[in-house]
Amino acid sequence: GQSLEQPSEVTAVEGAIVQINCTYQTSGFYGLSWYQQHDGGAPTFLSYNALDGLEETGRFSSFLSRSDSYGYLLLQELQMKDSASYFCAVRDTYNQAGTALIFGKGTTLSVSS
Amino acid sequence: EPEVTQTPSHQVTQMGQEVILRCVPISNHLYFYWYRQILGQKVEFLVSFYNNEISEKSEIFDDQFSVERPDGSNFTLKIRSTKLEDSAMYFCASSDAGAYGYTFGSGTRLTVV
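Sequence order for the protein chains is A and B.
For the first sequence, my numbering gives the first residue as 6, with consecutive numbering after it.
For the second sequence, my numbering gives the first residue as 2, with consecutive numbering after it.
These are calculated hints, taken from the structure and not from any lab test.
No experiment lies behind these values; they were computed from the predicted model shown.
Do not take every clue at face value.
Now the stretches of chain A that chain B is said to cover, found in silico as 3 or more residues with beta-carbon under 8 Å [stated by the list, open to error]: (1) 32-39; (2) 59-71; (3) 83-97; (4) 105-118.
Built from N, CA and C at the ideal position, the CB exists for glycine as well.
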């Protein structure tokens, strides 16, 4: 099976930088994804890392270290609208040909002014 | 931007009744999924569908659940005899690239009373 660990809550102020960590345990590895969810709405795809290193998309970056089974999402220049839940996810490795994602429990980010 | 559409947005049903949740995935996507999220908890995988058949399912997806793609556009989740613990937000998702970059619908909030 797989397991993912991420902090339950993070708080920060506008303009700051915040890092949300995710550690995972899987029998195989096919990449780490990040999704954002506002107030129980539709999760939206943020980023995907298959290889080690940093992927940057605007104010958001995502990092992966496969040797450490660890990744993080970095949010820069925080804005109030970034207040949301952030989920890391890995592919379900029970079925090697499968495409299902298994999500972590989510990190609630609260941005204050 | 293409969207995944789910109907209804809210459904209240009595315990033991059958419900059908409907989804219209993005038209050129090939992979379809149902997930659920109990209030305040993580997004849980139910089932994936590819090439007109179930490709994976979780332990949650027991004999009470079924999925169907009755035509070229709709993708439905049926719960035959609802239980109180089926109360959750149900999300449909689709992807053109498997586990990379799902697009989620806005969800159906199912309340079983």
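Now for the hints, and whether the structure bears them out:
| no. | hint | result |
| --- | --- | --- |
| 1 | 32-39 | holds (count 3) |
| 2 | 59-71 | violated (count 0) |
| 3 | 83-97 | holds (count 3) |
| 4 | 105-118 | holds (count 7) |
Hint violations for this structure: number 2 only, all remaining hints satisfied.
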